[in-house]
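Trainee: Starting from the given sequences, assemble the full structure and let the hints guide the process.
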Amino acid sequence: MLLSTRHEPKSFHQDELTDSVQSLLPKSRAEKIIHFDDPVYSGQFSDDGNFFFACSQDFKVRMYDTSSPYNWKHYKTVSYPWGQWTLTDASLSPDNKWLAYTSIQSMVSIAPTDPNDTGDPYTLDLDNGPSHGWHGRRGFGIWSVRFSGDGRELVAGTSAASIVVYDIESRRVLHHVRGHSDDVNAVCFADKMSPHILYSGSDDTTIKVWDRRSMGDHREAGAFVGHIEGLTYIDSKGDGRYILSNGKDQSMKLWDIRMAMSTDRFNELDPTAHANTSGFDYRGGIYDDEDWDVHPHDNSLVTFRGHKVLRTLIRCHFSPPMSTNSRYVYSGSTDGKVYIWNMDASLAGIIDVKKATMRTRPMDNRHRFYHFDEPGNWGTCVRDASWHPNAPLLVASAWNGYNMARGTCTLHSYNDNVDDEGEPPMGQSVNHLLKEQPELYQNSTYTNGLRLG
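According to the numbering used here, the sequence shown holds residues 403 to 855 in order.
Don't take each hint at face value.
[What the hints assert, rightly or not] No farther apart than 20 Å at their CA atoms in a straight line, the calculated lysine to aspartate or glutamate pairs in the EDC-like style are these:
| id | residue 1 | residue 2 |
| --- | --- | --- |
| 1 | K710 | D690 |
| 2 | K478 | D467 |
| 3 | K499 | D584 |
| 4 | K475 | D449 |
| 5 | K478 | D439 |
| 6 | K594 | D569 |
| 7 | K756 | D737 |
| 8 | K475 | D737 |
| 9 | K594 | D619 |
| 10 | K837 | E555 |
| 11 | K594 | D658 |
The hints are simulated quantities; they were obtained by calculation from the structure and are not laboratory data.
Mentor: Encoded structure:
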């Protein structure tokens, strides 16, 4: 089958997705650069690829019709009315009809994705206790939220070191378990088809396995240890077996639930005692690789290194089964890149978002200074990335711009660095409504896509 420069997934049937097609890696040169006035914290495709949402620090979620993956249409924006600092997470219901999103508060907003439904989002308060000590205030902040596979429940990870399971229809907290000794930065379900097994990843360096049917006794069903700094994100492959995690020890790890440590063994070993005690603060520090060592009780399958997990809770994912045969894992990075690995931890490719977006927006008076910033420089931190389920297309969501004060979502595909006749030029810059503003956004002139392997 001959492949055009840009590949529309509608031309691919599952039996036509040959090994060569599934091995195609998106390149650094961006198809399109979508600019936001605030840093973008997360962005994900729906499971069918027809929908994309982007969450930014202005407490808004923009929704896009991506049924034609190279011809997006913005159709709706929803807001979170009580936000603190930023939107922390969002989750799309299995039927694509509802979007749950949250901030560093105990409340979750649920908005319909139907563009004709202009009503206000529903509000769900996941706090059922008088005080959980988040910064000395009543309530807690939510770092992570996910729909269950049947769409009936939400699970959330909180700043109160707890996991909350919430029934949407009855608006009732089913379980609120203090399952860790520090913030729970990430939660997810093991199997998209089952609501029973879920995972939680924490700043206490551990991953816990929970069985919804026995959470009433506040006892985990198993645990994973191996990171020596806190976790920033976990992702399930959706098969009930494999888990991926990112850690502040600058490592990503692959786990198999069959190798989970029993609760008794976990308590006997006290594996959190092996956490790094150097006082490293990932938000502003530079990680010294000499501080990294293999955990003596590491029960992970594979460890991936090379990316930078600093400043913020960087996310990682499995590549999708249809467009890639699940052969890769990938992560954002503080150095402005997306790293793609083979399952044996060898590096498959790098997407350089910083080079692809460099100076596509003029300097303005907006500043986002950290003590590690050099004022006036263009900075990029890729916080999240999402691989299209049916095409060799990846979207990187980033803090981006001078002083990293703005944000972008960049579309990267397998391309030959050649513009297609009759198509918009590659590197086209648009605003969040997908409109060109040449007086504000410049098209990228970057042409040298990098691909390894």
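Trainee: Hey, K475 versus D449, does the alpha-carbon distance stay inside 20 Å?
Mentor: It holds: about 18 Å lies between the C-alpha atoms, which stays within 20 Å.
Trainee: Given the hinted pair K478 and D467, is their alpha-carbon gap at most 20 Å?
Mentor: holds (9 Å)
Trainee: Take the C-alpha atoms of K594 and D619, compute the straight-line distance between them, and say whether it is at most 20 Å.
Mentor: violated (24 Å)
Trainee: Does D584 lie within 20 Å of K499 when you go C-alpha to C-alpha?
Mentor: Roughly 33 Å between the alpha carbons, so the hint for K499 and D584 is violated.
Trainee: Run the distance test for K475 versus D737: straight-line Cα separation, threshold 20 Å.
Mentor: Violated: K475 and D737 sit about 30 Å apart, past 20 Å.
Trainee: Is the Cα-Cα distance between K756 and D737 20 Å or less?
Mentor: holds (8 Å)
Trainee: Straight-line Cα separation of K594 and D569 no greater than 20 Å?
Mentor: This hinted pair holds, its Cα atoms lying about 17 Å apart.
Trainee: Check the hint pairing K837 with E555 against an upper bound of 20 Å on the C-alpha distance.
Mentor: violated (37 Å)
Trainee: Can you confirm whether the C-alpha distance between K594 and D658 stays at or below 20 Å?
Mentor: Roughly 16 Å separates the two Cα atoms, so the pair holds.
Trainee: Are the Cα positions of K710 and D690 separated by 20 Å at most?
Mentor: holds (11 Å)
Trainee: Sort out whether D439 lies within 20 Å of K478, counting only the CA atoms.
Mentor: holds (17 Å)
In summary, the numbered hints that this structure violates are 3, 8, 9 and 10.
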